[in-house]
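Participant: Sequence:
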Amino acid sequence: MLSQSEEYKSEEVELQEMPAVRDDDPSPGAPLIADRQWDDHDTISPSTDLKSSGNGFVWALTLSACVSGLLFGYDTGVISSTLVSIGTDLSSRPLTTLDKGLITSCTSLFALVASPIAGVLADKIGRKKIILFADALFTVGALWQAFTSSVWGMILGRSIVGLAIGGASLIVPLYISELAPSHLRGRLVTVSLLFITGGQVIAYLIGWGFSTVPAGWRWMVGLGSAPALAQLVMLTFMPETPRYLAKVQKETRARLVLRRVYRGMSDHPEDLVNEVILGIRKELLEEEEAHDQLRHAPDSKTPFLISPTLQSLLLHPPHARALTITCSLQALQQLCGFNSLMYFSATIFELLGFQSPTLTSLSVAGTNFLFTVAAFNLIDRLGRRRILLATIPFMILGLLLCSGAFTFIHLPDDKVGARADGHNQFGDPIPRLPAISILIAMILYVSAYALGLGPVPWMQSEVFPLSVRSLGSSLATATNWLCNTVVGLTFLPMMDFLGPGWTFVCYASVCALGWVVVYWIYPETMGLGLEEVGLLLKDGWGVNESLNRSSFSLGFGHKIEQQFALVKLAHTNKRSAQELQLKHPPYRTTTTAMTREPKRVRKWASSCPAWPKEVAEVGAGPAVPEEEPGNAGVVIVNELCELYEDSTDVSREGLLLLIEDGGAADVSCAASAQIPKTRLQLAADVRFLIPRFQGLA
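Numbered per my numbering, the sequence shown spans residues 750 to 1446.
Below, a list of computed lysine-lysine pairs in the DSSO-like style, where the Cα atoms sit at most 27 Å apart:
hint : residue 1 : residue 2
1    : Lys-877   : Lys-1031
2    : Lys-877   : Lys-999
3    : Lys-1031  : Lys-873
Pair by pair, the computed Cβ-Cβ distance ranges are:
hint : residue 1 : residue 2 : range
4    : Cys-1255  : Asn-1126  : 30 to 36 Å
5    : Asn-1126  : Phe-896   : 41 to 47 Å
6    : Trp-1251  : Ser-840   : 27 to 33 Å
7    : Pro-1180  : Cys-1255  : 22 to 28 Å
8    : Gly-1248  : Ser-840   : 26 to 32 Å
9    : Val-869   : Phe-986   : 23 to 29 Å
10   : Gly-1153  : Trp-808   : 43 to 49 Å
11   : Ala-975   : Ser-1112  : 22 to 28 Å
12   : Trp-1251  : Ala-1069  : 31 to 37 Å
13   : Leu-1138  : Phe-1246  : 32 to 38 Å
14   : Thr-1156  : Ala-809   : 47 to 53 Å
15   : Arg-1008  : Ser-1258  : 46 to 52 Å
16   : Arg-1181  : Val-869   : 49 to 55 Å
17   : Arg-1181  : Pro-843   : 24 to 30 Å
To be clear, the hints were calculated from the coordinates, so they are not data collected in a lab. Values in this document were obtained by computation on a predicted structure and should not be read as measured data. Cβ atoms here follow ideal geometry from the backbone N, Cα and C, with glycine treated the same way.
Required output: the full structure, derived from the provided sequences and hints.
Facilitator: Printed below as a string of structure tokens:
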């Protein structure tokens, strides 16, 4: 019986030892050979071969899992209405600033505790079971809040809800990303954000409806148990993720799930299933070898009690870079102050003299929802990094406008609130123009947040390799909840001691710092498979390489209108690549996004000083001699091309086919390549090209 590691290695050797086959060889036993005519419906890879909308099964999985987002959003929104409705129901006095801070922040604190535990358990018992357990906790917590009669009872109920939210907020994006095809992953993860913002809108509507009902806040919090019970039933019939199933050596079940995921999305769904399974196998093998090297490293000083997974996450440079990126984004998402506005928006609008604070808060929640819908349509088109760099400046602008407007409003020292007639409790009128300006500035801030910092940090699971994905995601989520707790505890005291103006300046400063961090360390991951993203972080932050790769991001509906032949492409244990031959050019590319004539692309010749000159010969294709490519043992084939029009979008795989007849066909080193603005670079990992072309025989 072969071990998992030996099984994967034997498969690599099998790939390595396949004999070279001629173009006209009809032998069915050569899976790396393709010589077929492509029609208008053929495509070349999972990133281009899939119908853009997905199938019903994928959407059923996503919507069932995203009910957790609805619960999270509902809890965030309902507490804003609850705080202004409780009055003296929980004690003989109104809630103090400390009471409000504890009631809001205890949820974040216990979510912080739950998220790393959920990450560890997700690798032990699976993703799905964690979500089901979270539903049970949320039901108990919501009902406890509804029937409590004390402040500490309320804190206990919200702490139970915090445990549920902490686990679900980590696992749901992980569950979706591991089930979603790469071309849909960004949008499907964003659906969970739509449910969060939709939950906030529902919470404000319910809060407004029960605001005049005696003890109506009990109905507000108690109704949160209904979606939890509904999800508990729906998710029972949904499968575990194929990546988790493959990890625990249940590959047959993983294949069954993947077949349902890709059903109706391609003319060759089994090829896609084989590719995903092979990618998972290779990733597991690499990570197992990395763990072995870490455990047996002679200079390792890591304490015995630290698990190999945690060692790998903290000490293996690519994993540590992934952790730094995700934790930074999650910290920025909270320290920018957004959730403080959601928790206390009704309190702020009451302070500003709005007659219906809860209804006014609904406008903010509605804006959040509408712009999250926009993010759903943009995140897989513009990319994660670009959206963040474009939207954070608008968040800064909104916060600074809030700060400036507050300087025109005189607030009493104790900031108890305002009367319904637009005066504070001392009878001083509150200026309407600054108050309305604050509302507009908050809407600007929230809209920018919903497009960028709202959804993007939750793409965290796509940055981590499978072996550390759960633990890495759990630590990033824990960072989110730690910062959420800090914001929840400090917002009202900052409003008291610094004043609203300087409070918003502090949040604007955090956003400015976050923009710089995103610019320097966050690579673009749009359109890359989960197993491909890790390649970006092997030797650095991967920002430049990711931008080059994303330049070839393909619009849906891409067609290659010629035939091609793939003679042989194999990655051997000797770390070499053998001959790759592409024929029958020129090729033309079209995408549904193009409104003009199809663009033409020709090969651009270059040479690599690290390899012999023979490599750069003009001819049928590149022949890569045996050589040492680097620490990772991966031969990288870099294709440089010149585009006739800069707006042309071609896929990374498709570019390999776009070689002009008689043109140069060579390879070059990424490190030595000088790329003018008029040229683009393709970096294609030979090892991952094997399964991508395997199904074309």
